[in-house]
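Engineer: Listed below are the residues making up each chain.
There are 2 protein chains.
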Amino acid sequence: MSLILTFLGKGGIARSKVAIAAAKLLASQGKRVLLAGLAEPVLPILLETTLSADPQEIAPNLQAVQLPASVLLERNWEELKKLEAQYLRTPIFKEVYGQELVALPGMDSALALNAIREYDASGKYDAIIYDGTGDSFTLRLLGLPESLSWYVRRFRQLFVNSDLGKTISESPLIQPLITSFFNVNWTADNFAQPTNQVNDFLDKGKAALADPKRVAAFLVTTNDPIEVAVARYLWGSAQQVSLTVGGVIQIADQTTADLTAEFAPLAVNVVPDVKQGNWQPLIDALPNFAEQTSKVPKPIEIDVHNRQVRLFLPGFDKKQVKLTQVGPEVTVEAGDQRRNIFLPPALTGRPVTGAKFQNNYLIISF
Amino acid sequence: MSLILTFLGKGGIARSKVAIAAAKLLASQGKRVLLAGLAEPVLPILLETTLSADPQEIAPNLQAVQLPASVLLERNWEELKKLEAQYLRTPIFKEVYGQELVALPGMDSALALNAIREYDASGKYDAIIYDGTGDSFTLRLLGLPESLSWYVRRFRQLFVNSDLGKTISESPLIQPLITSFFNVNWTADNFAQPTNQVNDFLDKGKAALADPKRVAAFLVTTNDPIEVAVARYLWGSAQQVSLTVGGVIQIADQTTADLTAEFAPLAVNVVPDVKQGNWQPLIDALPNFAEQTSKVPKPIEIDVHNRQVRLFLPGFDKKQVKLTQVGPEVTVEAGDQRRNIFLPPALTGRPVTGAKFQNNYLIISF
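Heads up: the protein sequence lines correspond to chains L and H, in order.
Counting from 1, one number per residue, gives the positions in the first sequence under UniProt numbering.
Counting from 1, one number per residue, gives the positions in the second sequence under UniProt numbering.
When the alpha-carbon atoms are kept at most 20 Å apart in a straight line, the in silico SDA-like pairs for lysine to any residue are as follows:
{"no.": "1", "chain 1": "H", "residue 1": "K94", "chain 2": "L", "residue 2": "P328"}
{"no.": "2", "chain 1": "H", "residue 1": "K204", "chain 2": "H", "residue 2": "A121"}
{"no.": "3", "chain 1": "L", "residue 1": "K322", "chain 2": "H", "residue 2": "W77"}
{"no.": "4", "chain 1": "H", "residue 1": "K356", "chain 2": "H", "residue 2": "I302"}
{"no.": "5", "chain 1": "H", "residue 1": "K275", "chain 2": "L", "residue 2": "D253"}
{"no.": "6", "chain 1": "H", "residue 1": "K204", "chain 2": "H", "residue 2": "Y151"}
{"no.": "7", "chain 1": "L", "residue 1": "K295", "chain 2": "L", "residue 2": "A210"}
{"no.": "8", "chain 1": "L", "residue 1": "K81", "chain 2": "H", "residue 2": "L164"}
{"no.": "9", "chain 1": "L", "residue 1": "K94", "chain 2": "H", "residue 2": "Q157"}
{"no.": "10", "chain 1": "L", "residue 1": "K31", "chain 2": "L", "residue 2": "A59"}
{"no.": "11", "chain 1": "L", "residue 1": "K94", "chain 2": "H", "residue 2": "F155"}
{"no.": "12", "chain 1": "H", "residue 1": "K82", "chain 2": "L", "residue 2": "L158"}
{"no.": "13", "chain 1": "H", "residue 1": "K318", "chain 2": "H", "residue 2": "A261"}
{"no.": "14", "chain 1": "H", "residue 1": "K319", "chain 2": "L", "residue 2": "T50"}
{"no.": "15", "chain 1": "H", "residue 1": "K319", "chain 2": "L", "residue 2": "E48"}
{"no.": "16", "chain 1": "L", "residue 1": "K82", "chain 2": "H", "residue 2": "L164"}
Just so you have them, the derived chain L footprint on chain H, three or more residues with Cβ under 8 Å:
{"no.": "17", "stretch": "6-15"}
{"no.": "18", "stretch": "28-42"}
{"no.": "19", "stretch": "329-340"}
These aren't lab readings, by the way, just hints derived from the structure by calculation.
A virtual CB, placed ideally from N, CA and C, is assigned to each residue, including glycine.
Isolated chain L (complex conformation) (with noise of 0.2 Å):
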C-alpha cells in the first residue's frame, strides 16, 4: 500500500515543478517513488527524459511514467473480453482489438485511476504522486468509487423492485433464456454476484480516499487572487469526494502576500519559484507531506450516538451549500460536485431534523 499524493491548483507547469520536487524528496528518504504524470509533454520536458507508458527509473529509489488514455485502453481491453467471456455466451467483444479502440471522455480519468489503483497493489511502491489536471477533473477521478458506488446502490435496488427486475427473477420462462445467453443463473440475488465484485472494488477505493494516510491532495498557487480563489473553491470542493487536503504550496512571487487566513486550519508552504533543473531549493522548501496532513480536519464525521453529520466544506459560504433529500439519502452539493451520504444502518431513511453551516461546516442532524 502506497502513499497517493496530487496536487490541486491553476498554474499548471509550476505544479508539475512542485509534483517532481515531492517525487525527489520522498525518494531521498528512502522510500520508493512513483511519478505519474499526463500523456502530455511537460513532464518529459521538465524531466529531460523520454518516458513512456511503462514506468522507467530516472534516479535512485524514483521511476516516472505517463498515463496515456489510448494505450491504457488497449491494455484493459484484453481484461474486458475476459470478463465478458466470463458472463456471456456469445462475446461481442472478441472481435474489436484494442489498437483501434477511441478514448471517449471519462475514460482518461478510469483508465488513470485504475493504473494508479494497479500500481498502489503492486507492492513495488511506498509513494505514488500522480501529477494530474490538478482541477475538477481529478476530483471527478479519485471521487469516481465514491460516485460509482451511489449509482449502484441507488440502481440496483430500483431495477430488482420493478416489474422488469420481478419478471427476470419469477418468469419460468425467462430464466432459462437467460441462461442460454449468460453464464450467469441472473435471478434477483444473483444479480448480486456480478455486481459485488463492482462493489468490492468500489469499496477500497472509498476506504483508501477516506484515509488520509493512504490519498491526500496538497493546494498549489502563488498570490494572485484568481489562483487562490481557484485553490479554495478546490479545497472545498475536494472534501466533497473525501479528498483530505493536507496543505497548501505557496509559490513565491515578487511580492509573497500572506495566505494563512485564507486557507486557515491549513498550513501554508512558501516555496521559491526554481528554474528547471535547480530542483533542491524547491525540495527543501517542501513540507512533510504525512505529518500536515494528519492535522488537518476530516472531509466527514459521522456522530451516531448524538445523530448528527459534520461535514467539513471550507472554501464555500452558506449560499453556496445546498442540502436536500429528495432521494433515500441526503444529498449534499457544493462546488459542482454532488454528495449522496452513505449513512451507517442507525441513521438510514432518518429525515433531517436540522441543519447549519458555520466555520466551515455544515452540520446536520438526523
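Position chain H against the provided structure of chain L, taking the given hints into account.
Structural biologist: Below, chain H without anything else, positioned relative to chain L:
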C-alpha cells in the same frame, strides 16, 4: 448556427482572458455572443460578476454562462426519463430524481457539449466562445461525435452479426418477450431505429466540427518553451478530432521570442498581457478569427480519384505517429488521440498500400 470558438494551451488564466477579449471583440462587431465557461470561479472574478447556469447579459450583445455538471445533469435527467419511457415498458429512472444525481468522469464533457449544441441550435447566438479546460479534455469533448460514432458503427454491426443478435432477430420466442419489455420491435433491422436518432445527432456534430466556419480553436501560449511544446502537442492532437486550429495567440512576455517557425503555417498574433478589467489593448491586438481559420490546412483530405488520404498532423515527428489496420478501418494514433478513418464507399475495406509522413502530413495510399 453559430461560430463556436475555443482556446487551447497551458496557461489557464491567460487563456480565460483571451476568451473574454474575443467575446468582447465579436460583440463589439455586432455579433450576438455567448461566453460559456467552467464552474470554477475564474470567469466570475475576471468579469467581476456572479454567473450561473443560465445565460445573463453582461454587456450589449454579450451573454455569459457557466456550465456546472451537477445543474446540467439535473436538467437533462427529465429528457432521459422521457426517452426511457419511450423505449422501455417498465421505466426504472422515474423513481430517481435529478437533484440526487452525481457526476461521473466524462459527464462534465458530454453535458457541456450538449449545452453548447443546444445554445447553437437556439439561433440566439452568432458566436459561442467556450472557455474550457483548454487541454486534451477539451479535445475529447469536441471529438465526442467523431469517437462515439465509431463505437456505434463498429459495435452495431458486430451485434447484428453475432449469435446473440441473430437469435434475437430470428427467434419466434424472443420477439414477443422483447416486445413486452421494450416499446420497439427489436429485430436486427429495427435495431437501427434508436441508433439512427443517435447517428443523426452524431453526424450533425461531426459535420459542424469538420467545418472551420462552424468550430475552430486558437492556441494560446507565452514563449515559455514548455507552454510552446504543449501548444504544439495540442495543435497536432486537435487534427485527430477534426478540429481546425486557426492560429496562435502569443502573450507578450518580458522577452517575446519569435514563434513563427514553431507554428508555421499558422499566423502568430502577439498580444499584450493585460490586467483584469483593462481589456481594450488585448481586444485591439486580437486577429480576425474567421479569416485566419479559413487559410489553414484542413485536418483531413480524402482524394478518392487518387486513392489517397492526407492527414495534417503538425507538432509530431514520424515516430510519434502510428498507422494500423487491425479492424475494418484504418487507425491513426498520435498525441494520445486515436482516429479511425471513416472512408467513402470507393475506399472502404481496401488495404493500405503505402504510407509516408512528410512536411507535417501523413499520406496514406489505398
